[in-house]
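> Use these hints to put chain B onto chain A, whose structure you have.
Residue numbers (this note's numbering), protein chains in the order written: chain A, 1 to 539; chain B, 1 to 539.
Worth flagging that the hints you see were computed from the coordinates, not collected in a lab. Note that beta-carbon positions come from the ideal geometry of N, C-alpha and C, so glycine has one too.
With a straight-line cut-off of 30 Å between C-alpha atoms, the simulated DSBU-like cross-links for lysine-lysine are:
#  : chain 1 : residue 1 : chain 2 : residue 2
1  : B       : LYS520    : A       : LYS193
2  : A       : LYS480    : B       : LYS480
3  : B       : LYS480    : A       : LYS16
4  : A       : LYS477    : B       : LYS16
5  : B       : LYS19     : A       : LYS487
6  : B       : LYS520    : A       : LYS196
7  : B       : LYS465    : A       : LYS19
8  : A       : LYS487    : B       : LYS480
9  : A       : LYS477    : B       : LYS480
10 : A       : LYS480    : B       : LYS19
11 : A       : LYS480    : B       : LYS477
12 : A       : LYS19     : B       : LYS477
13 : B       : LYS487    : B       : LYS455
14 : A       : LYS19     : B       : LYS487
15 : B       : LYS196    : A       : LYS520
16 : A       : LYS19     : B       : LYS480
17 : B       : LYS487    : A       : LYS487
18 : A       : LYS480    : B       : LYS16
19 : A       : LYS477    : B       : LYS19
20 : A       : LYS155    : A       : LYS243
21 : B       : LYS193    : A       : LYS520
22 : B       : LYS487    : A       : LYS480
23 : A       : LYS16     : B       : LYS477
24 : A       : LYS465    : B       : LYS19
Output of the computed footprint for chain B on chain A, the stretches with three or more beta carbons under 8 Å from beta carbons of chain B:
#  : region
25 : 408-414
26 : 504-511
One letter stands for each residue in the lines below.
There are 2 protein chains.
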Amino acid sequence: MSYYLDFREYLSRLEKAGKLVRVRREINKDTELMPLVRLQFRGLPEEDRRAFLFERVADGHGRRYSMPVVIGALAASREIYALGMGCHPEEVMERWTEALRHPIPPRLVSRGPVQEVIIEGDALERDGLGLIPIPISTPGYDNAPYTTATHWVTKDPETGVRNMGNYRSQIKGARTAGVFVYPTQHIGVHWEKCRKLGVPLQGALVIGGPPSVAYTAVSKIPYGVDELAVAGGIAGEPLELVKCHTLDLEVPAHAEIVIEGEIATDFLEPEAPFGEYCGYMGDRVMNPVVRVTAITHRKDAHYVGILSQMPPSESSKIRQIAYEGQIFKFLKYDCNLPTVTAVALHESSGSWGYVVIQMRRTNVSDPWRALMAASAFDATVGKILITVDEDIDPWDPDSVNWALSFRMMPHRDLRVIRGKGSMLDHSASPPGIIGHLPFPDLEGTSAVLMDATRKWAYPPVSLPKQPFMERALEIWKEEKLPALRLKRPWYGYELGYWPDEFEEEAQLALKGEHYRTSEKLATRRVYGVTLSGTPEERR
Amino acid sequence: MSYYLDFREYLSRLEKAGKLVRVRREINKDTELMPLVRLQFRGLPEEDRRAFLFERVADGHGRRYSMPVVIGALAASREIYALGMGCHPEEVMERWTEALRHPIPPRLVSRGPVQEVIIEGDALERDGLGLIPIPISTPGYDNAPYTTATHWVTKDPETGVRNMGNYRSQIKGARTAGVFVYPTQHIGVHWEKCRKLGVPLQGALVIGGPPSVAYTAVSKIPYGVDELAVAGGIAGEPLELVKCHTLDLEVPAHAEIVIEGEIATDFLEPEAPFGEYCGYMGDRVMNPVVRVTAITHRKDAHYVGILSQMPPSESSKIRQIAYEGQIFKFLKYDCNLPTVTAVALHESSGSWGYVVIQMRRTNVSDPWRALMAASAFDATVGKILITVDEDIDPWDPDSVNWALSFRMMPHRDLRVIRGKGSMLDHSASPPGIIGHLPFPDLEGTSAVLMDATRKWAYPPVSLPKQPFMERALEIWKEEKLPALRLKRPWYGYELGYWPDEFEEEAQLALKGEHYRTSEKLATRRVYGVTLSGTPEERR
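Next comes chain A alone, as it looks inside the complex (with noise of 0.2 Å):
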C-alpha cells in the first residue's frame, strides 16, 4: 500500500479505524475547542485517545469560519501515530532510523491543490490570517490565537540549502504573525544569516500536510539534511513540491494551507505568553515578525492544529516518537551500542527531560556509554537519563522505578554532569527575564543519569509461572470478570539465579508434597545460632 497523498486520505483512515470524533455543533474556537480536546489528555487512558474534528467551527462575536479544524489528527497516541507513519506502534522506532538513513528527496511538480485557492491583494489586507479559524490554545492565559502545527520552510541564503522546523506563531494582524526563533534552531541559524546580508527571510508556514510532514518537521534532525527528504523516507516515496505563489521556496503540493511572508530580519518584537510543553505559561521573548505576502490553500481546506502545552499533550506525544527514534539510531548506528533495544522519553519531562535506555547489559562499560552520549545528544534534551534491563518497560514510570528500587544502588551507579542547557526548564533560573536564558551560569544546568541494570544474577520475579497465570485468564474469562489490560511482566521469569534445589522443591509444592522438602530441611538444623550474626554464623 502507498503511502497517504494528503491529509485527508489520512483523516478518512482515521475514521475507520475508529480514531475519529465529529463534532457537529458549533464550537468556539476560542473558548471551548482546546479545553475539549485537552479533556481526554486529563482523563482517558492513552490508548483511548482519538482525533477530533470540529465541522463548524465560530468565534464568541458571531463569525463563522469555513474551515474545519481538526485537533489530535498527528499525535494524540501512539497508535494514531503509528497509523500515520503507516505501520504498526511497534515499528515505529526501526522505521523512524530507516528513514533517517536512508531519505528519499521530494520531486518539484507543476501545480498541486495547495494552490486551488489564493488569497492576496485586498482579501489579504483586509482578512488575511483572520479567514483561518485559528483556536486560542490555553483560554485565560495565552495572549493571542497561536498556529502550533505549524512547519515552516526556510532556506540558507548562502547554501540553499533547505530546511523545515515547527516553530510557533503568534497570529498578530490580517497581515503578521509572529514566529519563535531560537538561535541554535536551524530557522535561526537563516535568520542570523539574512541578517547579516541585510535582506529579510522568506518562510513558507506549511500546515495540514501528509503527516510525515509534521512529525518530521517537529524532530531534531541534524543541520543541512532536508526534513522533506526524511519525510519521503517515512512515506518510501518522494514527496510532491510546489513553488509558492510569491517566494522562491517549495511547499508540499497537497498540503492544506500555506501561509507566505517575508520574516523581518532587522529588528526583534515582544512575543507570547504562550503556554508551554513544560507545562507552565512560556515567557515573554523577543521573536521575528512575518509580513504575510499570500495565503493559499485548497478547496474545503481543514485547518490543522496539535494541542500543546501541559504534557501528556499532542504535541509531547509527536516529540516523544520523534526523538526516541533519533537517539534510538543515534546509539544505536552512530554510537556502535548494539545493545540498545529501545529509548522512552517520558511525556510527563514534556518529551525533554526523563530519558529511559532500554538495553542488554554486556559489561559496566555499555550503560555508561550509552547514558553519556544520549546527555549528549543535544544541550537541551535529557536531565534524568536512566538505563533499565530489556524486561522493564521503559515508558511505564511505575516499571521503571521498580528497577531503580531494586537493580540501582545510588552511591555506585548513580552521577551527576555539569554542563546541560534548559530550553524552557524554571528550575534553572527565575521567570521574568525576556528571553530567559538556557544556561543560567558558566557550568549550565545539570543532568543526574543512573545504571538500573542488573549487575549480577537475580532471582526470578515473584509471580507465579506462565501457566499458572493464563490458566487463571482463562477462569477470569469464564466468570466474566472485566476487562483487563495486562502490564508486563505478568507472570515469572528467571533471571540467572535460581538453583536445581529451588526449582525441584517448587515442584514437589505443586504436587502437595512439600511435607517432604521439610524433613529434608529439618536435617540441616544447627543448633545455638542466633539470628543476628554474619551468614556463617546464621548458616
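Frame of chain A; chain B shown alone:
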C-alpha cells in the same frame, strides 16, 4: 457507627459496597487461586480491584476444604483499605495519626467465638495445619504454602510487653511451620531473649480479625507499644481478647483462626524460597520453627490471606498506607514539620524505597529536614526520597516525574547519602548467601534525596482556566463521549509569576481583540539585534 466486630461483618460491608467477587466454582488453591487474584493487580486500575471470596476450595489431589478463602479483602486498593479503617480514603492518614497518638488498650473477655472449634490431640497430629486451605502464593517457584495475613502475637519474656507483627510462615508439616524472623523485628528481640533464657518462645498466629488487627500487624510501631492498643485506636473502642487455649497469650476474641505454638529457640532451619515484595523470589534463609500446640477457630471459619510478591499487590498496599501514616505522623508531629501535607510510598518500590513527601515549602531548610528525617525513620525504608509541592500528586509517578523534570536541578537539589540498610534489595549484594546481608559493607547501602519543590515563583500551569475546562466538561457529557477519570491538574492555576499586563492581554484575546495587543507590542520593537545576545541585548 461502631467499628466492625469481626472479619465477617467487614466482609458483608465490602460486598454491599460492590467490592467483593464471589467465586462459586471449585478452585485449586495451589495453582489457580492466587493467579486469578493476581490478574487484577496486573490488568485493572486500582479503583476497580475487589476482594475475592472463594467458596469451594480444593487442591490438585481431590481434597476439598470446608473453609472458604478470602484474598484481597484487606488492601486490594486504597478504597478497600479505607473501608477497613471505617473512614473515607482521604481521611486514612489522619486516622492513622490519631490511632498512633491515642491508642486504646484491649479488654480481656472470658470467651470468644475464635475458640468455638478446638483442634488438638490426634486430630492435630494427623491433620493439623492441613485442615486449613492455605494457598501457594507463587506457583512454580514457592517451595510450600505460606500464611501471608499472618499476625504473630508474642511477649517479651522479661517485661511481659506484647507484640504483634506480620511474619510469613512456611507450612512444614501437620504440626510444624517456619517463622520468618528478622533480628531487628520485635519478635526477633523476644526470640533472642528466650534463647538466652533457654526457653522456647510462645507464639499465637492470628488469622482474620477485624481489619484493624491486620493493619497494625504490618506496620512499624515502636517497640513497647502494643499493636492491639493501636488497633483499638483505629476502631475507637477496645479490642476484645481471650486467653489462648494452650499458651499464656491473648488473642482477638473474634478472630477467624488462631494457631498456637512454641517457637524453638535452640536451633534454626532453612526456610523459603518464597516470592517477596521486592518483585523477586526471596532466597533461602535460616529461620526458627514453630511446634503447633493447638488450632482454634470459629464455626464456618474463613481463611484470610494477602496477595503479596511482585508489586503492586495487596501486601504493598497494606504496607504502603501504614508506613505513609507513620512517616507522616513522624515528620509532622515528632520532627516539628507542620508544613508536611502528605507522604506517599510508591508500590513500585514494594512500598519501601520510593518515598515522596508533599509539603508547603517555606524556606530552603524544611525540604532538607524532611528528606533527612524521612531517610532516618528506618534503616531499610527510603532509597529514593523526594519532596514535592502541594500541587503535585505524590502518588502519581507521572506527576512526580513532572516535578523532577521542571522543579529539581540535580547539582543543586540532589544528594546521595550512605549508612542505609536493605532488607531485600538485590542491588546491594548478589544472591546465594543464606541470610542475605542487609549491610554489604561498613558504609551500608545508599539513598538519593531530591528536593523537587519550586525555589521561586513560576508562571501559571499551561492549561485552560477553570471556567473553560468546566464548560468543556459539560459539552463532553452532552456529546456522550467516554467516561473520564480526570487527573490533577486539569485546569490552569497561578504559581506566583503572572504580571498584570499578561492577564490583560489574555482577556483581550478572549474578546478577539488580540490585534490591539500586537499594536502595543509593535511599539516595543528593537532594531539591529541578534537572536543570540544576552537577555539585555535581546530585550
